[in-house]
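Participant: One letter stands for each residue in the lines below.
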Amino acid sequence: MASEKGVMLLDFWVSPFGQRARIALAEKGVQYEYKEENLTEKSELLLKANPVHKKIPVLIHDGKPVCESLIIVEYIDEVWSDKATLMPSAPYQRAQARFWADFIDKKVYDCGSRLWKLKGEEQQTAKKEMIDILQLLEAQLGDKKYFGGDSFGFVDVAFVPFTSWFYSYETCANFSVEGVAPKIAQWAKRCMERESVAKTLSDPKKVYEFVCFLKKKFGVE
Amino acid sequence: MEEAKGEEVTLFGFWSSPFVHRVIWALNIKKIKYKYVEEDLSNKSALLLEHNPVYKKVPVLVYNGIAIAESLIILEFIEETWKENSIMPQDPYEKAVARFWATAAGDGLWQFFITEGKEREEALTSVINNFELLEKELIGKNFFGGDRIGYLDISVGWISYGVPIFEEITEFKIITEQKFPLLHAWMEAFSNSEFVKDTLPLREKLSERYRKVWEAIMQKKN
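Protein chains in written order, with our numbering: chain Y, 2 to 222; chain R, 6 to 227.
If you are wondering where the hints come from, they were derived from the structure by calculation, not from laboratory data. Treat the numbers as computed from the prediction; the structure is a model and nothing was measured. Glycine included, every Cβ here is placed at the ideal spot set by N, Cα and C. Be aware that a few hints might be false.
Said to hold, decoys possible - If you only want the chain R side, here are some residues facing chain Y, beta carbon under 7 Å, derived:
| no. | residue |
| --- | --- |
| 1 | ILE71 |
| 2 | ILE73 |
| 3 | GLU75 |
| 4 | ILE78 |
| 5 | PHE82 |
| 6 | THR86 |
| 7 | PRO97 |
| 8 | TYR98 |
| 9 | GLU99 |
| 10 | ALA101 |
| 11 | ARG104 |
| 12 | PHE105 |
Make the full structure from the sequences, and use the hints.
Facilitator: Quick look at the structure:
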């Protein structure tokens, strides 16, 4: 990579991980070049920028790559620190923010994938797990406006892209997010009032089309 | 000043856990006095379950009554709470690189350890690719942190005893002086560091534990 000045994001349109980076950049008002990757035919730039995992998103800042979405978001927060601070300032609150963002990382996408990949008994197990996850996150949110309190923060950025997958999870596994975790559903609506989120998140119906495409690809009935 | 705070820091751990070792090394470097509580993982204490209800795992650091879980998160908490003897890089890009390798360095190693045949070969290729890249991070430095041990050294420190144990049990050498001169030198420097030296259980004890785990897994497969 040439040491080109500027910011580039290697990404894939529906990726909730990529969307975390996009939302953070938007919150900070950072100009960047968006590059859509074809995940079945990854570009040389992607393979060079992320030789370990070969995954998106990758943020390339002045020619230097940053990988892993949560690391990217913290990086963005630290470099463009003059506005829209995402991480809290006190060490314990920072640890909590990292803990819950990491929890979301460990649990949500994986469990969500099992909701549309599996059937019968296994799907029911995944559904129960997803409900537990949502309710645990709801307990964390409590009556706050955002996970970050009054300000939209790190955990909000980490979780909000998954809200456009709720429709797919609900349809595949037959449950309602609003029914099991109403505060989360309300929080999702509040987040959509933010321009950074509204302009970034994929339309839930488009996400569902993508999930159906994946189901066909994996031979799931 | 660190001594007055000493009573307020408790670490819940398990003797052989590499995640716990990370926290011990960080507390040592920061010269923080703490109380250590050894957990019986087959019979977890009520306190542990109270402090880490989400994962119910060690390590957990309790400071002034508040609990922090997940080893890498604990490391950053320690760095931010006790300002002296800094372990994190200052530069945001260097921080991002360190955070990346803290989790990525170990990719494939466990797979290499517990698989055979083609699966093991694939895992090994992945491990070697990663180590080649990781080696580059040591160019011109004694430690990943530069002159002194830092966050990344602590995060991947388990490699200094874990890889030799894996190599011994699987009878396959990965980190040789020829193939990875810098990593090889780092392993020695790290193990001999004053902050690491007397912190680990006897090598034989660790080896034995890993061997037991390995045999149990291999037996299940065959």
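Participant: Determine for every hint whether it applies to the structure shown.
Facilitator: Results for each hint:
1. ILE71: holds, 6 Å
2. ILE73: OK, holds: ILE73/R within 7 Å of chain Y, min 5 Å.
3. GLU75: holds, 6 Å
4. ILE78: holds, 5 Å
5. PHE82: Holds, about 4 Å.
6. THR86: Holds: closest Cβ of chain Y sits about 5 Å from THR86/R, inside 7 Å.
7. PRO97: holds, 4 Å
8. TYR98: Status holds, d = 6 Å.
9. GLU99: Violated: closest Cβ of chain Y sits about 10 Å from GLU99/R, beyond 7 Å.
10. ALA101: Hint on ALA101/R: holds, closest Cβ of chain Y at ~5 Å, below 7 Å.
11. ARG104: holds, 5 Å
12. PHE105: Holds, because the Cβ-Cβ distance from PHE105/R to chain Y comes to roughly 6 Å (cut-off 7 Å).
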